[in-house]
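Chemist: Chain by chain, the residues run as shown.
Number of protein chains: 2
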Amino acid sequence: MSNQVAIIGGSMTKFGERDAWVRELLAEAGEACLDDAGVTPDDVEHVYVSNMASGEFEGQTGIMNALAHDLGLMPAYSQRIDQTSSSGAAGIYGAWQSVASGASDMTLLVGGEKMTHKDTAGSTEVIASITHPEEYKHGVTLPSFAGMTARLYLDKYDAPRESLAKVAIKNHKNGVDNPKAQFQKEIDIETAMESPIIADPLRLYDFCPVTDGSAALMFCPVDVAEEYADDYVVVSGVGGATDTHVVHERDDPTTMGGVVESGQEAYEMAGLGPDDIDVAELHDMFTILEFLQMEGLDFADEGEAWKHIEDGRTEKDGELPINTSGGLKSKGHPLGASGVAQGYEIYEQLMGEAGPRQVDADTGLACNVGGFGNCVITTIMEAN
Amino acid sequence: MSNQVAIIGGSMTKFGERDAWVRELLAEAGEACLDDAGVTPDDVEHVYVSNMASGEFEGQTGIMNALAHDLGLMPAYSQRIDQTSSSGAAGIYGAWQSVASGASDMTLLVGGEKMTHKDTAGSTEVIASITHPEEYKHGVTLPSFAGMTARLYLDKYDAPRESLAKVAIKNHKNGVDNPKAQFQKEIDIETAMESPIIADPLRLYDFCPVTDGSAALMFCPVDVAEEYADDYVVVSGVGGATDTHVVHERDDPTTMGGVVESGQEAYEMAGLGPDDIDVAELHDMFTILEFLQMEGLDFADEGEAWKHIEDGRTEKDGELPINTSGGLKSKGHPLGASGVAQGYEIYEQLMGEAGPRQVDADTGLACNVGGFGNCVITTIMEAN
Chain A
1 MSNQVAIIGG SMTKFGERDA WVRELLAEAG EACLDDAGVT PDDVEHVYVS
51 NMASGEFEGQ TGIMNALAHD LGLMPAYSQR IDQTSSSGAA GIYGAWQSVA
101 SGASDMTLLV GGEKMTHKDT AGSTEVIASI THPEEYKHGV TLPSFAGMTA
151 RLYLDKYDAP RESLAKVAIK NHKNGVDNPK AQFQKEIDIE TAMESPIIAD
201 PLRLYDFCPV TDGSAALMFC PVDVAEEYAD DYVVVSGVGG ATDTHVVHER
251 DDPTTMGGVV ESGQEAYEMA GLGPDDIDVA ELHDMFTILE FLQMEGLDFA
301 DEGEAWKHIE DGRTEKDGEL PINTSGGLKS KGHPLGASGV AQGYEIYEQL
351 MGEAGPRQVD ADTGLACNVG GFGNCVITTI MEAN
Chain B
1 MSNQVAIIGG SMTKFGERDA WVRELLAEAG EACLDDAGVT PDDVEHVYVS
51 NMASGEFEGQ TGIMNALAHD LGLMPAYSQR IDQTSSSGAA GIYGAWQSVA
101 SGASDMTLLV GGEKMTHKDT AGSTEVIASI THPEEYKHGV TLPSFAGMTA
151 RLYLDKYDAP RESLAKVAIK NHKNGVDNPK AQFQKEIDIE TAMESPIIAD
201 PLRLYDFCPV TDGSAALMFC PVDVAEEYAD DYVVVSGVGG ATDTHVVHER
251 DDPTTMGGVV ESGQEAYEMA GLGPDDIDVA ELHDMFTILE FLQMEGLDFA
301 DEGEAWKHIE DGRTEKDGEL PINTSGGLKS KGHPLGASGV AQGYEIYEQL
351 MGEAGPRQVD ADTGLACNVG GFGNCVITTI MEAN
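Those protein sequence lines, which keep their order, are chains A and B. Each residue of the first sequence is one higher than the one before, counting from 1 in full-length UniProt numbering. Each residue of the second sequence is one higher than the one before, counting from 1 in full-length UniProt numbering.
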């Protein structure tokens with residue numbers, strides 16, 4: 001029987017264009033997380049860094065050792081965890097394992113990425129290196145997959161194009177209340193529907209931006225958490241699963257196998273189902289992904305997720321608020337940070353510390369998608 | 001109480017210059033490990049890839065997803081673990097955590113790196129990106145640290161320069177019996193002592209080569225191991241620790257704090273001490289490191305490790321054989337693979353499958369050094 005794992009603190013930096021290297025961003029979030037958790041550097045036993053590509057973006061590696069140094073955590077064990085765009089949740093899974101296994105009684109997880117100093121082509125090249133070389137050589141990048149999948153979804157389920165725009169509108173609206181979000185501005189349907197085409201039928205406002213930022217969470221066994229705080233959050237379910245690395249080999253690209261499998265694992269471990277979830281952060285790197293995750297996680301029947309954006313169920317005041325943080329869409333998507341920041345938003349909501357974004361929630365879920373669903377991690381958290 | 005963790009299979013590819021990309025090398029070792037363990041792809045629940053820099057070396061990321069795909073392991077969860085030159089042992093620690101925590105009942109770990117297609121300057125640039133930028137800008141790379149540390153050690157302990165050469169000679173001699181080693185040739189003291197100076201007093205034969213290769217191990221709970229095999233190996237101790245990221249901040253560079261701390265953790269967890277170890281694989285990226293690890297792990301008193309190479313104690317037929325595999329020195333050092341390959345040698349020795357390299361051993365230890373001791377992982381294994 002493994003340890004029950006708690007989260008006793010969290011933080012995130014301002015997301016956006018930051019005049020700081022990833023090392024500085026990691027230190028900023030890490031320091032704030034130590035403060036928030038009331039944990040001293042000496043008490044940290046493991047420090048995990050979620051980061052996809054500091055070497056490719058900045059020519060700097062070894063950033064997990066640098067972080068241990070910068071925060072005075074030595075001799076805490078450090079490692080970097082990479083699961084492409086889901087590196088953040090892979091870090092949550094790794095930190096959970098470190099505590100659940102008894103290897104560490106206090107694990108600091110910091111996710112971060114510095115991207116905006118590259119131009120869009122430069123960032124796209126790093127991100128496209130995720131994909132299968134046989135697909136990539138045909139020019140198929142993640143936005144292309146998103147466009148083709150969106151077209152298929154809209155056709156197959158007779159969904160209006162506007163429903164995708166409404167995902168962006170909702171998440172931008174939520175982002176207005178998140179001072180850490182890259183964008184704090186509402187957009188209207190005309191702006192979304194008339195923005196430049198990127199990968200038909202998807203337009204500029206269907207895509208998350210390129211972002212710098214970092215986020216952190218502090219993990220420990222529940223019995224240790226009791227020494228630090230009356231209120232904390234328990235990681236009650238976590239699961240991860242791969243799908244084909246070659247996207248065109250999937251029977252039905254509108255079903256993300258990794259979402260389905262990781263969700264089932266997390267639900268089973270937590271002993272909960274989709275109806276028990278009060279708030280969720282989904283990986284809206286592209287608007288269409290919010291629908292695919294809603295369906296894969298059984299928040300909506302197949303082909304019906306788009307109806308819930310139309311009827312307001314996923315709005316902040318709806319029955320199942322999704323992406324109260326603003327999502328990747330308006331909060332931004334610094335690759336290694338995003339999954340940690342999703343976890344931080346759920347943590348804040350369950351702790352009642354989400355300020356103007358606060359919803360009524362005891363149980364939350366985060367879903368972080370790597371590649372184009374090549375690997376997905378789902379996490380369920382509950383207030384203690 | 002966490003699960004007791006067993007290793008039920010292992011493999012490594014031929015190390016050296018390989019006409020294959022890291023993705024192919026990972027698949028080669030992974031496939032061989034499945035065969036060796038008698039495990040079918042469906043039974044694998046987690047797949048961890050130890051790799052430092054496939055993006056920097058090959059412009060290809062997402063290799064953990066590619067491996068899950070190539071071996072037909074979907075929907076097994078995948079992630080990449082990086083701890084620079086100790087990525088391999090970080091993978092062992094990660095795989096141990098995945099099984100000990102109950103997250104996975106069957107974890108395939110594959111470490112690999114493809115390096116030789118870069119020239120020496122290109123490889124050095126990738127590796128040097130590990131170091132602190134404030135040190136790196138002065139031209140201090142890992143070989144420079146090794147040279148300065150070797151000089152300090154020789155002066156401080158009045159050790160003969162030849163003792164370092166004898167580490168290389170021993171490990172080359174052991175490598176002759178390892179068909180997977182990059183070099184299978186003995187060297188004599190003149191060759192070592194008269195080879196070109198790289199970082200005074202260290203010469204060419206004090207350094208490991210640049211290498212392509214991959215190695216794999218299969219982890220599961222002990223009760224699951226019983227279903228697969230009568231004989232297996234138990235990971236009875238594992239510990240990891242950081243030291244300063246800035247090497248010049250260390251009080252005494254001839255003591256590697258990460259070695260000492262990770263060793264103590266591993267010994268404590270296993271309930272064993274240095275006298276209980278029958279065979280060890282140490283991280284001889286530079287000959288001087290074998291001495292520093294022997295002392296840090298209490299195989300020798302401070303300043304006396306060099307005497308044991310002189311008196312033959314660490315030879316294959318000595319009291320404590322070190323680097324029976326040939327070590328990084330003659331086996332080669334494909335960064336992400338090396339720690340896994342160290343574990344594989346210990347596994348082979350404890351299983352009695354080391355052929356002409358076989359020594360009498362029930363308990364073994366591996367020590368994998370990241371950076372210049374910036375993070376170190378020590379693992380202890382025992383025959384069941």
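Read the hints as simulated data drawn from the structure, not as lab findings. Treat the numbers as computed from the prediction; the structure is a model and nothing was measured. Please note: incorrect hints may appear among the correct ones.
Reference listing, derived: stretches of chain A covered by chain B, where coverage requires no fewer than 3 residues with Cβ under 8 Å from a Cβ of chain B [said to hold, decoys possible]:
{"#": "1", "segment": "14-20"}
{"#": "2", "segment": "88-98"}
{"#": "3", "segment": "289-300"}
{"#": "4", "segment": "303-312"}
If you only want the chain B side, here are some residues facing chain A, beta carbon under 8 Å, derived [said to hold, decoys possible]:
{"#": "5", "residue": "32"}
{"#": "6", "residue": "35"}
{"#": "7", "residue": "79"}
{"#": "8", "residue": "84"}
{"#": "9", "residue": "131"}
{"#": "10", "residue": "179"}
{"#": "11", "residue": "242"}
{"#": "12", "residue": "318"}
{"#": "13", "residue": "320"}
{"#": "14", "residue": "370"}
{"#": "15", "residue": "371"}
All C-beta atoms, glycine included, are put in the ideal place defined by N, C-alpha and C.
Chemist: Indicate, hint by hint, whether the structure satisfies it.
Modeler: Against the structure, the hints:
no. : hint    : in the structure
1   : 14-20   : violated (count 0)
2   : 88-98   : holds (count 6)
3   : 289-300 : violated (count 0)
4   : 303-312 : violated (count 0)
5   : 32      : violated (20 Å)
6   : 35      : violated (21 Å)
7   : 79      : holds (5 Å)
8   : 84      : holds (5 Å)
9   : 131     : holds (7 Å)
10  : 179     : violated (31 Å)
11  : 242     : holds (4 Å)
12  : 318     : violated (31 Å)
13  : 320     : violated (25 Å)
14  : 370     : holds (7 Å)
15  : 371     : holds (6 Å)
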